[in-house]
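*Asks:* So the sequence lines, in the order shown, correspond to chains A and B. Read in order, the letters of the first sequence correspond to residues 145 to 431 in the working numbering. Read in order, the letters of the second sequence correspond to residues 16 to 305 in the working numbering.
FYI, nobody ran anything at the bench for these hints, they're computed from the structure. Don't be surprised by glycine CBs; every beta carbon is placed ideally from N, CA and C. Among these hints, one or two may not hold up.
[Stated by the list, open to error] Listed next, with one range per pair, are the computed distances between beta-carbon atoms: (1) A:S351 with B:L122: 49 to 57 Å; (2) B:A106 with A:A286: 21 to 29 Å; (3) B:R44 with A:T250: 38 to 46 Å; (4) B:Q208 with A:A275: 19 to 27 Å; (5) B:R290 with A:G292: 42 to 50 Å.
[Said to hold, decoys possible] Sample of chain B residues lacking proximity to chain A, with all beta carbon distances greater than 10 Å (derived): (6) E31; (7) L66; (8) I118; (9) R152; (10) Q188; (11) G205; (12) V272; (13) I276; (14) L293.
[Claimed, not checked] Computed footprint of chain A on chain B; a stretch qualifies when at least three of its residues, placed anywhere within it, have a C-beta under 8 Å from a C-beta of chain A: (15) 196-204; (16) 212-222.
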Amino acid sequence: MSTIKPMTNSSNNTPSAYEHGTPAIELQNVTKLFRTPSGGAYTALQNLTLSVAPGEFCAVVGPTGCGKSTTLSLIAGLERPSAGEVQVMGKPVQGIDPRIGYVFQTDAVFPWKNVLRNVTTGPLFRGQSKADALKSARDWIARVGLAGFEDRYPHQLSGGMRKRVALAQTFINGPQILLMDEPFSALDVQTRTMMEDELLNLWASSSASVVFVTHDLEEAISLADRVYVITAGPGTIKGIYHIDLPRPRHVAEIRFEPRFVQLYQEIWEDLRNEVVISYERTKQKGR
Amino acid sequence: MNVLSKKAGEPLATSESKAVLLNRADARRRRVLIYTLRVLLLVVILGGWELGTRYGVIDSFFWGQPSGIWAQIVTWVTQGTAQGPLWEQIAVTLEETVLGFLIGVVLGIVFGVVLGRNRFLADILGPYIKALNAIPRVVLGPLFIIGLGFEMPSKVALAVVMVFFIVFFNAFQGVREVDRNLLANARILGASQRHMTTQVILPSALSWIIASLHTSFSFALVGAVVGEFLGAIQGIGLMVQIAKNTFNANGVFAAMVILAIIALLMEFLITALERRLLHWRPTTVSDVTL
Numbered sequence: 145m146s147t148i149k150p151m152t153n154s155s156n157n158t159p160s161a162y163e164h165g166t167p168a169i170e171l172q173n174v175t176k177l178f179r180t181p182s183g184g185a186y187t188a189l190q191n192l193t194l195s196v197a198p199g200e201f202c203a204v205v206g207p208t209g210c211g212k213s214t215t216l217s218l219i220a221g222l223e224r225p226s227a228g229e230v231q232v233m234g235k236p237v238q239g240i241d242p243r244i245g246y247v248f249q250t251d252a253v254f255p256w257k258n259v260l261r262n263v264t265t266g267p268l269f270r271g272q273s274k275a276d277a278l279k280s281a282r283d284w285i286a287r288v289g290l291a292g293f294e295d296r297y298p299h300q301l302s303g304g305m306r307k308r309v310a311l312a313q314t315f316i317n318g319p320q321i322l323l324m325d326e327p328f329s330a331l332d333v334q335t336r337t338m339m340e341d342e343l344l345n346l347w348a349s350s351s352a353s354v355v356f357v358t359h360d361l362e363e364a365i366s367l368a369d370r371v372y373v374i375t376a377g378p379g380t381i382k383g384i385y386h387i388d389l390p391r392p393r394h395v396a397e398i399r400f401e402p403r404f405v406q407l408y409q410e411i412w413e414d415l416r417n418e419v420v421i422s423y424e425r426t427k428q429k430g431r
Numbered sequence: 016m017n018v019l020s021k022k023a024g025e026p027l028a029t030s031e032s033k034a035v036l037l038n039r040a041d042a043r044r045r046r047v048l049i050y051t052l053r054v055l056l057l058v059v060i061l062g063g064w065e066l067g068t069r070y071g072v073i074d075s076f077f078w079g080q081p082s083g084i085w086a087q088i089v090t091w092v093t094q095g096t097a098q099g100p101l102w103e104q105i106a107v108t109l110e111e112t113v114l115g116f117l118i119g120v121v122l123g124i125v126f127g128v129v130l131g132r133n134r135f136l137a138d139i140l141g142p143y144i145k146a147l148n149a150i151p152r153v154v155l156g157p158l159f160i161i162g163l164g165f166e167m168p169s170k171v172a173l174a175v176v177m178v179f180f181i182v183f184f185n186a187f188q189g190v191r192e193v194d195r196n197l198l199a200n201a202r203i204l205g206a207s208q209r210h211m212t213t214q215v216i217l218p219s220a221l222s223w224i225i226a227s228l229h230t231s232f233s234f235a236l237v238g239a240v241v242g243e244f245l246g247a248i249q250g251i252g253l254m255v256q257i258a259k260n261t262f263n264a265n266g267v268f269a270a271m272v273i274l275a276i277i278a279l280l281m282e283f284l285i286t287a288l289e290r291r292l293l294h295w296r297p298t299t300v301s302d303v304t305l
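Extracted from the complex, chain A is given alone in its bound form:
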């Protein structure tokens, strides 16, 4: 634990290009316990400290079951921390903040609404007029490349297309903070690379701060300005890496750049142990 705190402190003290003013997201020594059905307690996160600057793209990597998704739930206000503090735009999180957008790991588009209705959901919930909502929905559907598919239902679309609907559904609300929980993990590799590029384009034209959770280190490095490595549960920060690859990036090609490979090796050293620990644990559970 003692090795972790100095790291975060030093990154807070040295003002980098991404850090001026209040951070968009800040978690201070956050611990989250869950009650297990048998009455015990399960520690998902322990003393986690993390901060994201306004407009920064931040990736969180860690082995499965290290509490990455829990971190997002805390920022979104879906869950409350057991200890510590979670702040968004300098204010403690209380309930769900309308400035937040959230893209889920599994399909979370509404299967009974067609593409157009799915995309208008947010604006209509937030009290926009129907005409305005429809107008901006059509615009966003076109921007994610789904023009002509407005009347389709989710089951009629491919996995990649459903993800596009989810992106439009989220981006239409103009989120200042974008939380993404392994959004592309269910897609095949080609579709995934395309969606990653698409996401970078959408993000570039917004000013959103992003927390992108993934277990895929390549994905994390290709997308992010900063990568947080989280330990195998209970999750806590193991290392923070600044990704100095130039933007705009092309996800498909960036993996061949020497700097990318160098960063990958550096971070993998850190991550490998955690993956091994997590793997050993699941093996033991299986026995």
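Position chain B against the provided structure of chain A, taking the given hints into account.
*Replies:* Just chain B now, kept in the frame of chain A:
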């Protein structure tokens, strides 16, 4: 390259279309066979029954006779029943059934959604609802006759209790099964409590609720007819009762045929409703048996 692929493609396309045609012819032949066998089965059963009674193998006094059943229906249609015209009896039973069905469905959905969304309330009321569900609900019939009289309300009440529990359990389960990701997504998108119920929970639970409607309608019909057995002034149940009292087996069967037609028509309407409401769904959930 282009020419080559075209040449290679052409014979493939024709053989493919041939296969499609063959397949279609196969499917048509199969359909014709099935319809023929269906009709044949009916003819064998009804014909066997009719011949059995004519040759004295089956006693038509106790077990009726297809020609007699048909004659009974014709009499009812042309001369009316003992309690008045046939259509009036059908209308009375249908009104009781449909009213009981609608009230039962609405109550079932409301209670199901409220208890499904409120764990605390569900924990308190749970055992009582299970206990009530365990009672064979037809025994409530005499109670309703005493309390509500021989007219329509007592039958409607019986149909309501028959329907309520089926719909309630399905709606309750449907609400409990709503995808947690969808709920979280709706909350993030800014849904109010009312939005959550009307735009997420109800549509999601709808496939469960609609699956229960098929069973519930026949239960509503049971409620209405049994209510009429127990005491009524009009209705198909009363016709059955009278036929029984006069040892008119053909009358009982004839009433049964009329009830079957009503049930089939309603099933058809419910299926149409299901198609309309659940058009977003790739496949249909099969019925839930309770």
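*Asks:* Next, verify each hint and record whether it holds.
*Replies:* For each hint, the structure was consulted:
1. A:S351 with B:L122: 49 to 57 Å: holds (51 Å)
2. B:A106 with A:A286: 21 to 29 Å: violated (55 Å)
3. B:R44 with A:T250: 38 to 46 Å: holds (45 Å)
4. B:Q208 with A:A275: 19 to 27 Å: Distance hint for Q208 of chain B, A275 of chain A holds at roughly 26 Å.
5. B:R290 with A:G292: 42 to 50 Å: Violated - the Cβ-Cβ distance for R290 of chain B and G292 of chain A, about 25 Å, lies outside 42 to 50 Å.
6. E31: Its Cβ never comes within 10 Å of chain A, the nearest being 25 Å, so this holds.
7. L66: The claim holds: L66 of chain B sits with its nearest Cβ about 53 Å from chain A, beyond 10 Å.
8. I118: I118 of chain B is indeed farther than 10 Å from all Cβ atoms of chain A, at 26 Å.
9. R152: holds (33 Å)
10. Q188: Non-interface label on Q188 of chain B holds, nearest chain A Cβ at 18 Å vs cutoff 10 Å.
11. G205: violated (4 Å)
12. V272: holds (39 Å)
13. I276: Fine: 34 Å to the nearest Cβ keeps I276 of chain B off the interface.
14. L293: Violated, since 8 Å does not exceed 10 Å.
15. 196-204: holds (count 8)
16. 212-222: Result for this restraint: holds, n = 5.
The structure does not agree with the numbered hints 2, 5, 11 and 14 stated previously, though it agrees with the rest.
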